[in-house]
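Novice: Residue numbers (UniProt numbering), protein chains in the order written: chain A, 1 to 627; chain B, 1 to 169; chain C, 1 to 106.
One should not assume that every hint holds.
Selected chain B positions facing chain C (in silico; Cβ < 8 Å) [to be verified]:
1) T21
2) H29
3) I32
4) L36
5) C37
6) G63
7) V67
8) L68
9) I129
10) N138
11) M141
12) M155
13) L161
DSBU-like, lysine-lysine: derived pairs with alpha carbons at most 35 Å apart [said to hold, decoys possible]:
14) A/K3 <-> A/K309
15) C/K102 <-> B/K134
16) B/K130 <-> C/K102
17) C/K102 <-> B/K111
18) A/K373 <-> A/K29
19) B/K25 <-> B/K164
20) A/K599 <-> B/K134
21) A/K574 <-> A/K449
22) A/K169 <-> A/K309
23) A/K169 <-> A/K26
24) A/K169 <-> A/K116
25) A/K449 <-> C/K102
26) A/K567 <-> C/K102
27) B/K134 <-> B/K164
28) A/K574 <-> A/K450
29) A/K116 <-> A/K59
30) A/K309 <-> A/K529
31) A/K169 <-> A/K373
32) A/K59 <-> A/K169
33) A/K169 <-> A/K574
34) B/K25 <-> C/K102
Label-pair ranges, simulated between beta-carbon atoms [to be verified]:
35) C/K102 <-> B/T112: 20 to 28 Å
36) C/Q7 <-> B/F144: 55 to 63 Å
37) A/Y609 <-> B/T112: 52 to 60 Å
38) C/V48 <-> A/F585: 47 to 55 Å
39) C/S71 <-> B/S128: 16 to 24 Å
No lab work stands behind these hints, which were simulated from the structure alone. From the three backbone atoms N, C-alpha and C, an ideal C-beta is built for every residue, glycine too.
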Amino acid sequence: MEKNLALVLVLAPFFGFLANIFFGKKAGKGFVGLLGTLSILISFFATTYFFMQIQSTGKPIEVKLFPWIALESFQIDMSFLLDQLSVLWLLFVTGIGTLIHMYSISYMHDDENMHKFFAYLNLFVFFMITLVMGSNLLVMFIGWEGVGLCSYLLIGFWYKNQDYNDAAKKAFIMNRVGDLGLLIGIFILAYVFGSLDYHLIARDIFSQELSATDSALISIAALCLFIGATGKSAQIPLYTWLPDAMAGPTPVSALIHAATMVTAGIFMVTRLNFVFDLAPNVQTIIAVIGAGTAIVAAAIGLVQNDIKKVLAYSTVSQLGLMFLALGLGAYEVAVFHVITHAFFKACLFLGSGSVIHALHGEQDMRNMGGLKKVMPITFWTMMISTLAISGIFPFAGFWSKDEILMTAFHGNTILWVVGSIASIMTAFYMFRLMYLTFFNDFRGTEHQKKHLHESPALITIPLVILAILAAVGGLISLPGNSWLNHYLAPLFHKAHEAHHLDGTAYMLMGIATVGALVGIGMAYAKYLKKQEVPEQDSEITGIAKVLYNKFYVDEAYEMLIVNPLYKLSHFFRKYIETAVSELLFGLGKVTNSIGNQGKLVQNGSVGVYLFAFVLGLSSILIYLFLV
Amino acid sequence: MSILTIFYILAAFTLATGFLTVVSKNPIHSAIYLVLCFFSVAGHYLMFNAQFLSLVHIIVYAGAIMVLILFTIMLMNLNKENEPNKNLLSKISAAIAFGLLGFVMLATFIKTMPIIDTYKQSGQDYQSIKVLGKVLLNEYMVPFEFASVLLLVAMIGAVLLSKKSTSIQ
Amino acid sequence: MQNILEQIGIENYIYLSVLLFCIGAFGVLYRRNAIIMFMSIEIMLNAVNLLLVAFSTYHQDAQGQVFVFFSMAVAAAEVAVGLSILVSIFRNTGSIDIDNLKNLKG
């Protein structure tokens, strides 16, 4: 029963994919949308069942399908593990997935390739479920690569635009760099432990003394795994693909590039927390990179004018905060922020999608404004999510971000300062986005103004649901009495000291709230009171220009990595390739001329053949018997 | 007259008729010599006490194959000495081949001679028609059937090939 | 009956077969008449058959003779097909000189 249900959970999206890709075009758009959404909904219901089960029994469920690779002492099963962590992840993957599929029915309705879109989305959910449910690293790796593939397909979904194709390729290649790290990490773990199963690795780590070599190898493995995570979860130095990934349709940005896929790195680190606990140095690196990413991305986000770019940099920044928590060993805090972030960031992206939809593809905030009256539902849901991401009491983001900052404060004051500044910046740019989009007067064309409208129910219902979750999602982990920490406790082998609700905690909450209010106030003064509109691209100067151009990181990568690679490939093309092909063509010519001479032997005269036969027979006999 | 003498006479006869087959100018003469050669080979079989093979050999070779060849020769009216001489080179190569092949094979045999045991008779019946039939239809049942298929195919092929085809051209 | 090999010895048969085989090979190379070449091939086949029977007697094993039987069947088939090919060649070219077939090469 459980095995079958787990199979249904995994395979329902896959069947949705198959049906949509093969029959979607003929079956019509209504069918495609319905099937795509229903298949995810089935997974969601199955997940709910498992969640109840685990909630009541507290025992992980392992579903073994078949042995996949069986060597003498090394076996990898195709098997799934449903424990607290994976079920929690599945809940929001399939839940938010269902909402976003529903949203896409309306959002993508005018696209000629809607069946493909839904097929890819379903495939993505399938791979994401595989990633989360795999009971060993290799099954996880299947999902890890699969979601990367789907991300590529969906970023380049409007493939007729060359820029979008480039963005897709960039995402794919950057992920490849990270994936290599992940693979090496997996290999090292396989070498050290002789197994890739989570349980077996954990058992080995706790049951036996590790030699010095093994400890060193595990540290290297942890670092490699983290490099994999930086690729998928867009951390320094591999974060630049995520903002470009906004080329994809907005539901994709919401599902893949905000709520689910980019959290795969956090999932993996949390899953392997026992490995990372053994490598304190790597944990420090993770924390520093997380904090650095948080502030760098937030700073870039301050001056972006594309509504989706702002949200993209916000995502990178929030992911940085999660890694900060991971680096400090507070895995449950990172998971908490992943969940709340999934709610409000999905809502924000879907809201921005609703705005873009209303403006017929306009993404530049300088051409928006005054949408509050026309699109009240979009406005209010986005407002709730903005308050949540800014960390205003009592919305979800307040609790999770506050926990991260509290952890950082107890860990390292500098990290806390950096994280707090990033939060203030977050509040500023999010309210900048809200003010520029929804307040003051409309700055677009007359044509657009005439067609402004609130989006249909299929778009607003997911928005409302997500906004409600963004508002109350914090309840799952209130400080002092945390359901989430209790729920996740069996996963973590190192006990964490719970932060008590003492004076320090209240002080930190206060500082965070004041910081958020300061950010909001600055945005209010600049964009609502003075009604400023960001300058055109050419007029930007000073630090703002550096920020607007994203610290010139893309250019630096271009100069340091891409161009030398191009030069190298030109060199190879010009000299090595020529040499190799000349060599091969030369061999071909030699063979050809030998053949031309050799065919004269076949002169058609039976006598010559027979004479050759006699000679051959004689020489064989001489060789065999007479020599 | 000992058996060895009979063997020598028979062997000389075999070789002589074989050689005459090859060198006779007239194809009819060649065919006649070849028939004699086959009969002498059948005589060798008889000396081995292989009656079945000896009979089959006469029926198949001397009876069927040679009649076929003779018919062909007469059908094509080839019984005249119209063969142009081969050039010197091919004659030399034929002589070289003959010498080389004979030399190599004889040398091989002489070199491997020491491992051949002297003959010992076991007294078992191994080559009467009864035993041969049992071997043929037990162990070699499938090849035996395939031989019949082969002959059938050869017959059809021969008919098709030698038929005057009107469809072509 | 006394077996013949006790009096003659296997080596004499080997000499005989080798010589017969060489005569056949010589004939194939020496003649240009396709029918004579055919007969030479038959001589070569017979040399091999003779040796097979000799060794069959030597090992006192019937399998050698069975092989001779099969070899005869194959030879009969070969002659039938080969002669009909010769007939059609003769029809087309008016001679059975083997050198005329040189133009069959690709």
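Novice: Does B/G63 hold up as a contact with chain C if the rule is Cβ-Cβ below 8 Å?
Specialist: violated, 10 Å
Novice: Check the hint pairing A/K574 with A/K450 against an upper bound of 35 Å on the C-alpha distance.
Specialist: This hinted pair is violated, its Cα atoms lying about 57 Å apart.
Novice: Within a Cα-Cα threshold of 35 Å, do A/K59 and A/K169 meet the stated pairing?
Specialist: With a Cα-Cα distance of about 42 Å, the restraint between A/K59 and A/K169 is violated, given a limit of 35 Å.
Novice: Is it true that the CA of A/K169 sits at most 35 Å from the CA of A/K574?
Specialist: holds, 25 Å
Novice: Do the numbers back the hint for B/H29, that is, is its least Cβ distance to chain C under 8 Å?
Specialist: violated, 10 Å
Novice: Against the 35 Å threshold, does the CA-CA distance of A/K599 and B/K134 hold or violate the hint?
Specialist: Measuring from Cα to Cα gives roughly 50 Å; hence the hint is violated.
Novice: For the range 16 to 24 Å, tell me whether the beta carbons of C/S71 and B/S128 fit it or not.
Specialist: holds, 20 Å
Novice: Verify the interface restraint on B/M155: the C-beta must sit less than 8 Å from at least one C-beta of chain C.
Specialist: holds, 7 Å
Novice: Between the alpha carbons of A/K116 and A/K59, is the straight-line distance 35 Å or under?
Specialist: violated, 39 Å
Novice: Does the closest beta carbon of chain C sit nearer than 8 Å to the beta carbon of B/I32?
Specialist: violated, 11 Å
Novice: Is the straight-line distance between the alpha-carbon of B/K25 and that of C/K102 35 Å or less?
Specialist: holds, 23 Å
Novice: Verify the proposed pairing of A/K169 with A/K373, using a straight-line Cα cut of 35 Å.
Specialist: violated, 40 Å
In summary, the structure is inconsistent with hints 2, 3, 4, 6, 7, 9, 10, 11, 14, 15, 16, 17, 20, 21, 25, 26, 27, 28, 29, 31, 32, 35, 36 and 37 from the numbered list given earlier, while agreeing with the others.
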